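Student: Heads up: the sequence lines are chains A and B, in that order. If you're matching positions, the first sequence starts at 1302 in the working numbering and goes up one per residue. If you're matching positions, the second sequence starts at 1302 in the working numbering and goes up one per residue.
I should point out that these hints are in silico values taken from the structure, not numbers from a laboratory. Given the structure is predicted, the values throughout are model-derived calculations rather than measurements. Be aware that one or more of the hints could be misleading.
A few chain B residues that don't get close to chain A, going by computed Cβ distances all over 10 Å [to be verified]:
no., residue
1, K1340
2, F1395
3, E1417
4, Q1429
5, L1490
6, N1506
7, R1521
8, D1558
9, D1613
In silico contact screen, one side only, chain A against chain B (beta carbon under 7 Å); selected entries [said to hold, decoys possible]:
no., residue
10, L1446
11, G1448
12, P1573
13, P1597
Per label pair, the in silico range of CB-to-CB distance [unchecked claim]:
no., chain 1, residue 1, chain 2, residue 2, range
14, A, G1366, B, S1599, 48 to 56 Å
15, A, P1579, B, E1370, 52 to 60 Å
16, A, R1521, B, S1599, 40 to 48 Å
17, B, P1369, A, P1579, 54 to 62 Å
18, B, P1394, A, D1439, 55 to 63 Å
19, A, P1579, B, T1598, 35 to 43 Å
From the three backbone atoms N, C-alpha and C, an ideal C-beta is built for every residue, glycine too.
There are 2 protein chains.
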Amino acid sequence: MTDRLRVHVDQQTWKPPYMRLTPEVWAEAARRRPELAAKLDLTFSDDWTEIGSRLADADIVICQGKPPEAVVKAAKNLKWIMATSAGIETMAPFDWLPASVRLSNNSGTHYPKTKEFAAMALAMLHFQTPHLATSQRDHAWAPRLDGLIAGKSVVVVGFGTLGQATAEAAKGLGLEVRAVRRNPASHPLADSMHAPDDLLAAAANADFLVCTLPLTETTRGFIGADAFDALKPGAGVVNIGRGPVMDYTALTPRLDDGRLSGAILDVFDKEPLAPESPLWDQKNLTIFPHMSSDDPTSYIPRSLDIFFENLDAFLAGAARLPNEIDRATGY
Amino acid sequence: MTDRLRVHVDQQTWKPPYMRLTPEVWAEAARRRPELAAKLDLTFSDDWTEIGSRLADADIVICQGKPPEAVVKAAKNLKWIMATSAGIETMAPFDWLPASVRLSNNSGTHYPKTKEFAAMALAMLHFQTPHLATSQRDHAWAPRLDGLIAGKSVVVVGFGTLGQATAEAAKGLGLEVRAVRRNPASHPLADSMHAPDDLLAAAANADFLVCTLPLTETTRGFIGADAFDALKPGAGVVNIGRGPVMDYTALTPRLDDGRLSGAILDVFDKEPLAPESPLWDQKNLTIFPHMSSDDPTSYIPRSLDIFFENLDAFLAGAARLPNEIDRATGY
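All chains, please: the whole structure from these sequences, using the hints.
Tutor: If you want it as structure tokens, here you go:
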């Protein structure tokens, strides 16, 4: 019995139903990896007081958001916290987390949905739909014809799950893909790779920019006026990463004067976007209410599949789990 | 010299620049088919009085819209009229056209652009963008999450160039494609083929309907209340064929009450759509100003390439040209 692992699962019953981690959803995922599931002793709850007592002897906890520090301190056996989200900015900074405890996320969960969204968003910018929505509000018949999207270019900023899904969508549309990533080693989904310091060179004269960056202290405000002005005049912009990574106060005047032809934003500094935000009425801007990446039919099942993939590595004694967060970079 | 063909070209200088058939554009197309072009004697003009005299000895005329009847009557050698448009409803009925004169269109020109538009429109309906545009007007954060579009179903009504381009786009998204066509022989881009009489069976419980029908006396009003009500509740609808083929007075109440989740319309009974049309403010409706199929960078070049393909068949004595209009069906 001593080689079995104690896993505690935060059920998250306060979240929308599709994000709840019930024993039933767990059982389904366990049936896909029975040999691994057999090595685990599970407990479930969603009250941090109760979780505290359950964590006392837990090896692993699966949860979302930062657990109370007292709970973590009391969990003397704790070796690994898996977050059932990709962005873990609400857990940063990580000074509350003992160095001996690994932290991982569910990156990868969002790939198929993001690929579909990115293909749509790029085509929408190509067909000038933000401009057309503004025209529709004005009852104006204002076509803007163009050639094919095939042959145009996109700079994809951030090249994790969301960035690679965007790149696969863009390649499917026949676009040239320029990727910006901290580690700019060549990648099969990108025609060129660029380090963050070379953002402006990567963006030079591109038809589209898609931001997929997570929010960290380094990425806050990373996409601003200089990036917008490096793009081709009339270019289109998408943000599916995190709101504060893109400077919306630099974006909107460029949508007003046509320097950019349109923007599609799925993420905002504060969500839900407040009814009084001027962004709702912004010319040539299309707002999505954070819908680019969550697939409610598979969110937790895919997250648990990713947990089991990481558990494989954990049991094998891997120095780093596939989804392990680097505390220095914050993702 | 007697085996050379006299071709008269209506330059259409009254059209937008990308639709004009200038000697320069002709020369470029001729360079792609020099062996065929060498067999032609060309004249250009865009005044029907002058065209009348040029047509007196012409074998072929390339034009758009119905030529004056007197001109056609005087053209004793005329064997073929090619229209540089796909829809030729403005030429119908065809009683002005001698039985000995073939009529063809430029179907095929619109394939690549339509494929890109259809992929976007289907994804936009999947991601509920018409609903979201209405919500944006209301400053309302109103996400509607769903799974993947892959695995959903679309009924494509009309299966010529636009229908097949739509089907190729839909297959690329992983959709089940049900095609409705006068000749329901099996087709590699469709999972099932249905005759027009079986429209309701084809539409049964489908997630999307895309209308690509040309306008003829038979197709007027073909997509109406019964087709909308056969679809899955919350389905989405697209019209890229011709406006009068779909009954918009039956469509709008279903967008109001949610029986349909959204519609994307690119064609209207009268274009441009008048500023006073109630469609502009219709809930859950996205309006495109006839942009789904024309590629201004290649419209006339592709039309001329199609002319040369048909000329090949014409010179070979084909009983029917690839793009020849069937006067009985009107397309």
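Student: Run every hint past the structure and note whether it holds.
Tutor: Okay, the hints, checked on the actual structure:
1. K1340: holds, 31 Å
2. F1395: With a cut-off of 10 Å, F1395/B remains clear of chain A, as the shortest Cβ separation is near 30 Å.
3. E1417: violated, 6 Å
4. Q1429: violated, 8 Å
5. L1490: holds, 17 Å
6. N1506: holds, 18 Å
7. R1521: holds, 23 Å
8. D1558: holds, 21 Å
9. D1613: holds, 26 Å
10. L1446: The hint holds - L1446/A has a Cβ within 7 Å of chain B, the shortest such distance being about 5 Å.
11. G1448: holds, 4 Å
12. P1573: holds, 4 Å
13. P1597: OK, holds: P1597/A within 7 Å of chain B, min 5 Å.
14. G1366/A to S1599/B: 48 to 56 Å: holds, 52 Å
15. P1579/A to E1370/B: 52 to 60 Å: Cβ of P1579/A to Cβ of E1370/B: about 59 Å, so the range 52 to 60 Å holds.
16. R1521/A to S1599/B: 40 to 48 Å: holds, 43 Å
17. P1369/B to P1579/A: 54 to 62 Å: Given about 56 Å between the Cβ atoms, the range holds.
18. P1394/B to D1439/A: 55 to 63 Å: About 39 Å separates the Cβ atoms of P1394/B and D1439/A, which means 55 to 63 Å is violated.
19. P1579/A to T1598/B: 35 to 43 Å: At 36 Å between Cβs, range holds.
Checked against the numbered hints listed earlier, the structure breaks hints 3, 4, 18; every other hint is satisfied.
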